[in-house]
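K.L.:
With chain A's structure known, arrange chain B on it following the hints.
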Amino acid sequence: MFLRRTLPLLVSAIFGIALILQFFVPHPASKSFYNLMLDWLIIVSAFTYLIAVQSTVELHFTKIKRKVEGWQYSIIVLVSLFVTALLGVFGGAFMPTTLWMKIFPSVKPTDTTPLMYTYLYMQMPMQSTIFSLLAFYMASAAFRSFRARSFDATLLLVTAGIVTLGRVPLGEFIYKGLPDVVEWILKYPNMAAQRGILIGVQLGIIATSIKIILGIERKYLGGGK
Amino acid sequence: MKNKIFFFIFIILSFIITFPQNETSKDEPVVRVDSTIVKEFQIKDVSNDDGSKLEISCQKVLEGNNSLFKLYRKELNDTVFKNVKTFQSFPVKIVDEGLSYQKKYQYYLAVSDSLGNESEKCLIGDFSPKADLFKTDKTILLLMIIIYTMVIIYLVESVRKGKDLFVRKISGLDTLDEAVGRATEMGRPVLYVPGSSSMSDIATIASLNILGPVAKKIAEYETKLIVPNRDPIVMTVAKEVVKESYSEAGRPDVYNDNDIFFLTDSQFGYAAAVSGIMTREKPATNLLLGMFWAESLIMAEAGNTTGAIQIAGTDAVTQLPFFITSCDYTIIGEELYAASAYLSREPLLLGTLKAQDYFKGFIIFIITFYFVILLISWITGGNLVFLNKILEILRFIFKS
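If you read the protein sequences in the order shown, they are chains A and B.
No gaps in the numbering here: position 160 of the first sequence is 160 in the working numbering, and each next residue is one more.
No gaps in the numbering here: position 381 of the second sequence is 606 in the working numbering, and each next residue is one more.
Extracted from the complex, chain A is given alone in its bound form (with noise of 0.2 Å):
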């Protein structure tokens, strides 16, 4: 019990408390503390990987083992795990690795490393792709949200016709002052309600530190009581 909960409820007690301190206090000795809190950050960060690790391959073996729905995408996955970890730890990461230019005497130190390779021509264009596919995504969204079913919902279709046509030369060739309208919508009616969502957060974010510092909120523990 003293493991499980008032150890972990002491040491969110004294470093939220230590570093609310260090907030405002700015000697270099409570900047070296913070950084050496950010360091060990770092250290727990990369050993939790590890942890990232064993779960990917436990939950993907068993998939293979069960034979569940798509088990195939689950050998996929882990040869790639393997053959990227295998590609870092050998070709190394920035620049290649002794031991790999032993094996490719044509590889130079200033060539793109393996694990490099995989990143920029593979992950990079993967990546890419997800992210253009959110434009098809808000154009769905906005079709859906524009219907002017109420009022609210007309006002909303009203103004985001507004924008879109002053963000674009169209809207400026139509009617000069339109951007000036969308600066004064962005920067007045959009700003006040996004600081009013924003004090709200702060102070939401104020009280749920003070309820983990007291020990209040243990329910990241695990657990309620």
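In case anyone wonders, no lab produced these hints; they're calculated from the structure.
Every value quoted in this text rests on a predicted model; they were computed, and no experiment measured them.
One should not assume that every hint holds.
[Stated by the list, open to error] List time: in silico DSS-like cross-link candidates among lysine-lysine, alpha-carbon distance up to 27 Å:
hint, chain 1, residue 1, chain 2, residue 2
1, A, 187, B, 624
2, B, 329, A, 31
3, B, 285, B, 264
4, B, 394, B, 363
5, B, 386, B, 355
6, A, 31, B, 285
7, B, 264, B, 507
8, B, 264, A, 187
9, A, 31, B, 328
10, B, 269, A, 31
11, B, 464, A, 65
12, A, 65, B, 310
13, B, 346, B, 299
14, B, 507, B, 464
15, A, 31, B, 355
16, B, 264, B, 328
[Claimed, not checked] Chain A regions said to be covered by chain B (calculated; three or more residues, Cβ under 8 Å):
hint, segment
17, 164-175
18, 200-209
19, 212-221
Idealized CB from N, CA, C, for every residue including glycine.
P.N.:
Same frame as chain A, now just chain B:
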């Protein structure tokens, strides 16, 4: 012979003429630093810093000068001079950065003419920067945090003593039960996405606080819960939260460790994988709660096409319109932080929720008060001194 004598006389004469001139240029520089300018210089410590800055200023007015002034700095026991700044006109205000509070520095001023001849360096003074122990410009903020904490503690104590608090209805959170029930009736899983951020984001902690009561309800209904994660730490915590909730519900046997898993830390890779799960597993309920960026619409739209009931919540203002468009219910901003207290109805947590509301009321009052004073000041032409003083104080508070 005559020519030779003339030649030698010429050489000797030219030597006599040029020699004293060389002597003066060696001993006396072409330009000198005006000592009255040096006396006007002031060195002072920059307040509220870590002792790495000094402010060097001179109030003397000097314009239209062709000379270039150079400010040099050296450590007290060092011989190396470093040029801090070159300037041409006065008054001047320079902030010298990258210093150490444990060292003493000497500042020198030199002047150079249009030909590039530089004068001797003239000592302005020596100074050691001071590392401050408190940011005085953040006093108001500290006071606000202390008052806010006191209000929270007071309300928590009042609730502990039995005071009843009214909490307004949040429809997005009220629907959670209905959404879980729907998944049970349809025999399909519930998908819970705890956001794309790490554990250091408060929105993620708020999301995991909601996951607890949701997992408990799911365990009671014996429905499958899928929690894909982008961060390994979040995954570890989510596993712990779900496991405890299943135990609390008395159904630890239903818990499956493989249902809470790590996907990828790539932003769009994660969005693609979650969209894939939505399409393949066809969850009846999608809960998207936490911090999201550009991937929010990809996931929400993918869920929308599968016909699942979707409840989303985030404090990212830029992503809220996407969720409002694509999801059935949206938990907006602060409601995400209120969710834990709202769902569990724990008196202590409700106390903090009330404190949040009171403080928000206070901020609204201050903003309205400022607006009214500003309006009166504008109508009266800004001639009322006491109104200007109030406005000044309020602006200082807002700035802090």
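K.L.:
Tell me, which hint numbers fail for this structure?
P.N.:
Hints 4, 5, 6, 7, 8, 12, 17 not satisfied by this model.
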